[in-house]
Amino acid sequence: MNPSARPVAMGLRLYRALAHAFPYEFRNVYGDELLQMTEDAIEPVWRRHGVLGMLRLLLDVALRIPVEYAAELRGDIRYGLRMLRASPGFTAVALISLTLGIGVATSAYSELNGYVLRDVPGVRHPDGLITTKGPVSYPDYQRYAERSDLFAGTMAYRAPVPFGVSVDRRKERVWGHLVTSSYFVTLGVAPALGRFLTAADEQSGNAPVVMVSYGFWRNYLGFDPAAIGKKLVVNGKPCELIGIGPEGFRGASPMIYGADLWLPLSVGAAVAPELADNVLDRRDLAAFQMVGRLRPGISMARVEATLDAIKRQQDEEFQDPDRNVPGRRIVVTPGGKLMPLEKKDLPMFTGFFIVLGGMILLIASSNVANMMLARAVDRRKEIAVRLALGAGRARLVRQLLTESMLIAAGAGVLAFLAASWLMHAASSDVAMSYPMPIALHMEPDGRVLLFTLALTACAGLAFGLVPALQATRPDLTTALKEGGNPRVRRFRRLSTRNLLMVGQMAASLALLLITGFMVVGHRRIANVEAGFDARNLYLISLDPVRDGYSAGRTADFFQKLLERVRSLPAVTSATVAGATPMSMIGRPGVPFTTIGANGSKELHGAREFPVGKDFLDTLGVPVVLGRGFRTEDERDGATAVIVSERLVQDCWKGGDPLGRRIEMGSEDLPAFAFGDGARRRKHLAGRGRVFEVVGVARNIRDGLNSDAKAAPSLIYRPLRSGDFTRPPLEGWTLVVRSVPGVDVMTQVRREIALLDDHIQPFHARSMPQQIEDLMFPVRVAVWTYGCIGIFGLVLASVGLAGVTAYSVTQRRREIGIRMALGAQREDVLRLVMQEGAVLILIGAAIGLAGARGGIRLLSWIMATVAQTAGTSMSDPVLLVGAPLLLALVAVMACYLPARTSLRIDPAVSLRQE
Amino acid sequence: MQEVLDRTDGKVHLWPATLYGTLKRLIEAELIEESDVRPAPEADDARRRYYRLTLFGRRVLAAESERLENLVRVIRSKRSLSEAES
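Which chain is which? The protein sequence lines are A and B, in order. Its first residue numbered 0, the first sequence is counted upward by one per residue in numbering that gives the first Met the number 0. Its first residue numbered 0, the second sequence is counted upward by one per residue in numbering that gives the first Met the number 0.
Simulated from the structure, these hints should not be mistaken for laboratory data. Using N, Cα and C, we set each Cβ at its ideal position, and we do this for glycine too. Among the clues, some could well be false.
[To be verified] Now the in silico label distances, taken between C-beta atoms and shown as ranges:
1. A/80 to B/23: 17 to 27 Å
2. B/71 to A/423: 50 to 60 Å
3. A/12 to B/77: 52 to 62 Å
4. A/43 to B/39: 17 to 27 Å
5. A/12 to B/23: 22 to 32 Å
6. B/23 to A/448: 30 to 40 Å
7. A/43 to B/71: 29 to 39 Å
8. A/380 to B/39: 38 to 48 Å
Isolated chain B, as found in the complex (with noise of 0.2 Å):
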């Protein structure tokens, strides 16, 4: 939680009950699944749980990442193209 709050710069708060009802859709859906490789024992607290992208996963993070890419491309052409009209 704590960590998305820094990464992104306070903008995206990940409120508890949020993140593990996403959890639970994107294992259902088959995106991530538990995982066993656990961090060393002093950085580990029993309680947690943690998880993996699955390879559809990361196939569909991928996939998705360049659409995204591609998007902004494309607006970026054409805010150029526009600027250099005007």
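Here chain A stands alone, though its shape is the one from the complex (with noise of 0.2 Å):
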């Protein structure tokens, strides 16, 4: 046939090259004819139907082409699922490895995604929003805010802050922000009822207003549509409700310090003790964490350079001390996310999450390659007979590789569902409970899904392609031969599977070491002894002045308070304390100098706990040297104050501490970004307040040390009554020894009631029970790297007996041979094992650098990791016993098997020839 016309030549070539894009098999079987067919036909389409003909023959062939695709794929996977129901055994124990590994992968990132890559919830445009790496002071604030050439909007805010709310006389502790009126204008926030603040409601003077969250509207309000107007008692003073945030904000840091509450900083220290002592005039005191809006095209860079520039001439007019430190005095982080990050600390974050959830997966993907390449081999025959009925290889390929992407979808599933369940379980909204408003939102989103799905498709190509690469390699004779291998190797040496196996090794040996540092490292923190005697001590929380107290009522109700507890029969002491050790809230440092002789000034950090004059006494911490607390030194005007030994050492270097005089600067606030945020002073802002040091108290243990070499310096001053009128966050406590087997906390509950049913106790708890509290993350750590490093240890065990089994069953006729020949059943035992034996010391032996090199990276990356594993990092016991535990079960994980070699009957191992 011979098209006269041109289109009729080109629609043919067009439909040739389009037919050639079939699958394989088709074209096989109906190419040519198709191909004739259509020859034959397309000279009469043309001549009857013209343009629109051709153009539904050439769409009859594209639209087919994707048809068939699909039933080969249908095909490919019906077959793929009864190879794999043939071997169950091979399926259970890929699958299981694989959801393992891409279980922890994914639960490593859903973690990762809730701490640090998500945005702030309900902002808009989180991605325009800035703030400063550490808290400012106001009047900074207000210059930086001036540069509306850099910000579209700015705002300040104070957090956290605990409120007392009464609702329908009921009282609740809230956390809540104190917040500029430019605060839900800056993040693009619309109330969900009401409204929010102006700048007509900055004016102090105004009657007080307050917003709530959604959640607080909800739990507290009940979802009245009527709240607005309503007047919300705060800290004892009546506010109005103006406005009620949308669902799901929480303000600027929801993470740590999410509010369910926002006052305006025009209510005043009458309403938030915390705005007293003209904080909105000092410039020593950084109280106030700043946001800003970027206007479009500003970098940040620019911003940090302008800020610092302002802090550095704000510096030199006010005379700052410090003002000639060098150094960046502003750093600018991201501000739309839920953790200030710097963006060059973002890598470093996401290191140890990467690696460990690397590692898992790495070791059960190579597993299951393992396992794989050890099955091809077992279908050698299968493959070869399909390769010499002219089966392409590529098809082979495809087939294969549709069985290990069968698997990882079965695993990506399965680890999916565990991850959300699990991280669902992990995920909290911790209310009042806590002394910190801590929320933690890990349930996996979108973007885990994705990764997820990223990560299944990586692992089915990378355990599936290597091995269906290799069972494919066209070598028919050999393979059509009966007998399988026909060469007897002792070490098929750079064999991928032995590659593979000692890789494996390596790395689940890597595996377990770092997470025993990690655990061997957090269980040291949660042994270490707390220094005094925590049981049958109690505590409570009292917080009068946010129930409405003043400062003077306070200190006459706390007074009272003791004398009537201590009169109960079951209690031998009770004091009140501003602090107590091993607290969550932890102890901001304040900063303090010591005065010498000549009047010489050194600057130093410790923890300022105010404190009843029985603390030492009530807690049972003995005063070593010069004297405790009298009455006397609770007097306005007295310097009295006992330190910790560890202060002395630090300070005096053992000098005679008696007498010596101190001058302590303001606390600092509780820690907000990770990281070292303000740069290290070298001098005391601000006025400080001169003590003398009348007694040294032995060292205790307060928050999350490693070591107690590390006790922390520690500064004991009695409470005055000017100290109750800036009550801590976490309120006042009173701590009760009793005898013991006495419910003594319902005792002082109705002395309290019985005082003044005004006050509302909140947070009692146990200190055995603060100190689990406080362990508890430690103890989720330990758990965590404990189930990791083993998952790691199993998967690869499965690995080694996988390998080793296959080879028992590769090697059956030589070793039919050598029992004919009188071999012994140990020969022939050493003979099978010695293989997996070389693999297990070469992995053990890169697997211990590794780790070494491994722990070592993380601790240059991390501080906490650093921290916990800088003490169990020498540790023998883990350096001998993770490795021997290792070749034990990989021992086992050979023997297992190799056991099978000797039941192997010669006779009918030869006649299988």
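Need the complex rebuilt from these two chains, each delivered in its own frame; the hints are there to steer you.
Okay, structure coming up:
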């Protein structure tokens, strides 16, 4: 046939090209006929239907191609499923391995996502927000806010701030923020009901107003649509409710210091004790978080440089003693993320998750790859037959890949479900029962799902492709011969499987060691002695100022309460304190200078415990030098303090501390950002208070220090009535030591209620409970790392067992000959296990080196790793124990399948020839 | 192709790729099979393949045409009923 018209020739060429794109099977069977038929028909079609007919002809073939591919895929999947069903053991182990691998990686990623990658919910264009790392003072903020060439809007807030709120005679303690009127506008949040602050609300002297979160509206106001205009009693003062936040919005920092209540700064110290001491006018008190919305096209670097210059100028103008300290004064970080991390810190933060998750996935993948390889050799006859019958290599690779993808997909689904469940259980919206507003939302979202999908696909490819390529190497003649592997080699030295095996051993040992370092380090943290007797010690928090009391009335109240509580027969000792050791809320540092005999000053840091005079007695902390507190130390103007042994060591290098004088500055805000936020100061800012050391108390533990030697420097300062104007975040704590076996808390509560039932006690706990709560994250970490390490171990041994078992079946004939020639059982066992043992040794050596390197890298990246692993790095139990454990498990994994070699009957195995 | 077009008075146009896709499906469903019976050499083309109905295919065809006949009968009787009513 010779098409006369050019369009016909062109159409035919196009048609041929399209027909060539059909899957191989279809082309093989129908390709020629299809083309022939088209060649016959194309001319009449052109004549009868013209261009439309030609298009229809091409469309017909173009539409058919994907349909045929889908049919092929369906066939592949059906065949793959049948093959997987035929070897249920392999399928189960592969599925479990991969589910563990992908599950752990997905969990790690959703944790990362929950901590770091997520945007602040409810905020418009979170990418445009910046925040300063570390708090700033209000006068400084005002200067920064003037730069409207950089910012489309700025706001400042103080967080966390606890409020005592009474709703319908119910008293609740709620966390909130004290905010500038620009807070909501800058964040770009619109109220669900009512209105948010305007500049007019900034005028002090206006009736105080309050805004609440959607959650508060739901939990405490029952979605009351008429709630706007209602009076809420906040810290004992009536405030008008003007607005309700949108659903999901918990303020500018929802993870740490989420807010349910917002009050404007204009409410003043009368409502919020945090605003006492002219906080808004003081340059030396960095008490506010600043958030700015960048104008389009303004870079963070430019903002940082500008703000830094302003800060320098301010320091110069007001003769700040630290004005000549080099380094940046202001660091700017993205403000729309859950955690205010600097961009350069982000990869470091994510590194740990990625390394652990990646390693487990690597082990799992190489595990399955290894089993696939073994299986592929089992199937070499099937594959050889198919190759011999003319199947293309690509076709077979596709078939094998389909099988690995099926396993990966199954594991991906299971892993995602498991991770979702796990993360849901781990997520919390911790309410007031915890002393700090911390909310962790780690539920997997769309991003995590995408991650799992990508991971699954990669894993499927990774463990499927190499075995598939190897299995389909066209080496027909040897494979088709009966007996499989005809050559008997002692070591297939650099075979893919052996390499994989060594890599897997190394990775799992490294993983085991790294997680082991973490577990041992964390266990050390959990086990350090508190330094005082925690038994029979009970704590309950009270915050009379936030219940509407004045400072003077609060002092009276505590005096009366202590008298009544001490008179209870079950109580041996009682005191009130502004801080307790081992509290979740932790003590922020307070800077102080030691004053030398010649007036020289040296700056140090310590934790300040404002306490009643009986505090040390009640806790059972002995005063090792000097005297304890007396009643006169609680008078206004008294200067006595007691310091811990550690502080003496640090400041006076073992010299006589008694009678020395120190000058204390103001307490810092609780740490907000990770890493060191503010630059290190060299001088005390603002006015200090001068004290005299009258005694030295034995070291106690406070917080999560791993080392007994790292006991914190503490300054115990007697509480005076003036202190009650500024209640600490966790309120005042009544500390009671009782005789054993008495429910003293009920009696204490009754005494409180008898004295004044308007005072709402909260967070009642025993000291062991408080320590337990503090250690909870540590325990979780121990479990998590422990589980990851054990998963790795299990996976590696499954892999090893598989390889050994396979090698036994491979060498069945060789073993049969050896036994027939008189080899003993031990000889055979040695022969079979030798190979495994060599792999174990090589893998262990690499793994040991890898673990040392890995933990060093991680320590360098993350301070917390350095802190926990630092003490355990050279732990001999771990360094010897982990390889031994792995070797033991590995030898077992080798031995069990190797034993089957003993059951080989030479007669049977040789007859198979 | 041409024959289908002619037989259906030009209403059904069976395009090549669709035709072979359908053939493949019919073979997979075991409704048709390749046939050894070839026409006289002068009408034959060596490249051509011939198919015939299997026994199963014949039975499916019979059942299907019976089903369609029944369907048509039901519709006809309904229509005549409704025509009689109106």
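Hints, one by one, checked against the model:
Checking the proposed 17 to 27 Å range against residue 80 of chain A and residue 23 of chain B shows it holds: the Cβ atoms sit about 22 Å from each other. Range check, residue 71 of chain B to residue 423 of chain A: Cβ separation about 58 Å, and the 50 to 60 Å hint holds. Checked against the hint of 52 to 62 Å, the pair residue 12 of chain A and residue 77 of chain B passes, with Cβ atoms roughly 53 Å apart. For residue 43 of chain A and residue 39 of chain B, the hinted distance range of 17 to 27 Å is satisfied, since their beta carbons lie about 25 Å from each other.
For residue 12 of chain A and residue 23 of chain B, the hinted distance range of 22 to 32 Å is satisfied, since their beta carbons lie about 25 Å from each other. In this structure, residue 23 of chain B and residue 448 of chain A meet the distance hint of 30 to 40 Å, their C-beta atoms being roughly 37 Å apart. Range check, residue 43 of chain A to residue 71 of chain B: Cβ separation about 34 Å, and the 29 to 39 Å hint holds. Taking the beta carbon of each, residue 380 of chain A and residue 39 of chain B are about 46 Å apart, inside 38 to 48 Å as hinted.
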